[in-house]
Every structure is written in structure tokens, then in C-alpha cells.
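J.: Quick mapping for you: the protein sequence lines, in order, are chains Y and V. Counting from 1, one number per residue, gives the positions in the first sequence under this note's numbering. Counting from 115, one number per residue, gives the positions in the second sequence under this note's numbering.
Be careful, since some hints might not be right.
Unchecked claim - If you want a taste of the chain Y side facing chain V, the calculated C-beta under 7 Å gives, among others:
#1 11
#2 85
#3 86
#4 105
#5 106
#6 107
#7 108
By construction, these hints were calculated from the structure, which means they are not laboratory data. The beta carbon of each residue, even a glycine, is placed where N, CA and C say it ideally should be.
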Amino acid sequence: DTEVTQTPKHLVMGMTNKKSLKCEQHMGHRAMYWYKQKAKKPPELMFVYSYEKLSINESVPSRFSPECPNSSLLNLHLHALQPEDSALYLCASSAGTGSSYEQYFGPGTRLTVT
Amino acid sequence: GEDVEQSLFLSVREGDSSVINCTYTDSSSTYLYWYKQEPGAGLQLLTYIFSNMDMKQDQRLTVLLNKKDKHLSLRIADTQTGDSAIYFCAPGGGGFKTIFGAGTRLFVKA
């Protein structure tokens, strides 16, 4: 099973809402990532978890809160978002965090903040 | 930090070859990757090349690496309409060092 799944596929939320994005992989990968991708742009790294510990936070605003409950799951909790946060949020995983490990991506959650 | 450049758009006719180019600044990585993103989907690893190789062929795909000029290219032979997508180079390696180019949008005309 080389699949990374993400739910929901689409999410529309107001600026006062609280929602969560979910990501799951069963490849035994120990590194998991959240990326944000705006239209016609490359993915931008937000967070990296390695062995269920947050190892990279790319100066992401606190209205985005990641969580890694176990080695297969990764959540992104959203609160008080702004319209400019509307984007495709991609989850990825890799066997390790070294440069020899390619990333496997999920299909993404298309988020619209109204 | 790493700087990666790609041309943003390429249009070819079905059956022709496509060549997507990428230039980069950081040459320390052991692996250099190409990813494909179809509309509304996540990224899919297409192929990669070891930094000690000049060329790698994988069916219709050929990757060329010129380390001296820090230039990476992806050639797709016999391009099909299903190849229409955005292609990202990631010359900085994998893991949390992955940095993507801006992406080249390939449009294949039937």
C-alpha cells in the first residue's frame, strides 16, 4: 500500500470556525509533512514530523496547529483562518527525513475560507 | 537557500518529445527528483537521478544531469495528452530538504 489519504477532499469554512484536516499512511513511514499550495505555485513546506515529533515549523501562524497522534496519522487543526489561507493543503510522507527519501503525496484538501 | 528555476509553460503536439528544464544553485544533494501534478491532485514522484550519473532512462522518460552547469532536464518521448500536467523539479533532494521549482505546465495538443 503506497497510498497517502487525506480527508476531507474539500472544505469551506468561515473565519470563526474550527476545523481539522486529516492525513493517514500505512507504509510505515516515520516522517510526515504538511504543505500549502496556492494556485499555479509550488508546494510550500509548513511542518515536518519525524518519529511523531515536530521537527520543523516553517514560521507558520499559530492559527494552524499540527498534531501527530501516532506514526500513521497527521492532523492539521485550523482556527480563525483568513481568506488568504485558502489553498490546497497537501500531506506527504517519507521513510526518513534524509535527502535520499522521496516523498509520497496525498491528493490534498482544497480549503476555502469565507 | 536553494534557488530553483523552471520555465513556466511548454506546449507540444501529441507524439512529439517534450523537454522540461530546471536550473538550481545547491549542488550538495545525492538525489534529484522530478514530480508530476495532474489537475486537482497531489504530487506524484515521476523519476529521480543520482548525482553521480549523467543520464537515466526509464521507459519514455529520460533525465539528463549537468552538474557543472547545475542543469537538470526531463525529456518525455512520444508525448501523450495524458502527460498534460505540471512538472516540478526538486534538485535539492528528498526528505525535509525537498525544495520545488516553480513548476512547468505542459500542454499537449492532440
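J.: With 7 Å as the cut and Cβ atoms as the points, is residue 106/Y at the interface with chain V?
T.: Result: holds, 5 Å to nearest chain V Cβ.
J.: Restraint: residue 86/Y near chain V, CB-CB cut 7 Å. Satisfied or not?
T.: violated, 15 Å
J.: Does residue 107/Y meet its interface restraint, that is, does its C-beta lie within less than 7 Å of any C-beta in chain V?
T.: Constraint on residue 107/Y satisfied, holds at 5 Å.
J.: Would you check whether residue 105/Y satisfies its interface hint, that is, whether its CB is within less than 7 Å of any CB in chain V?
T.: holds, 4 Å
J.: For the hint on residue 11/Y, does the least C-beta distance to chain V fall short of 7 Å?
T.: violated, 14 Å
J.: Please check whether residue 85/Y passes as an interface residue: C-beta within 7 Å of a C-beta belonging to chain V.
T.: violated, 19 Å
J.: Identify whether the interface hint at residue 108/Y stands, where standing means a beta carbon of chain V within less than 7 Å of its own.
T.: Result: holds, 5 Å to nearest chain V Cβ.
In this structure, the hints that do not hold are numbers 1, 2 and 3, in rising order.
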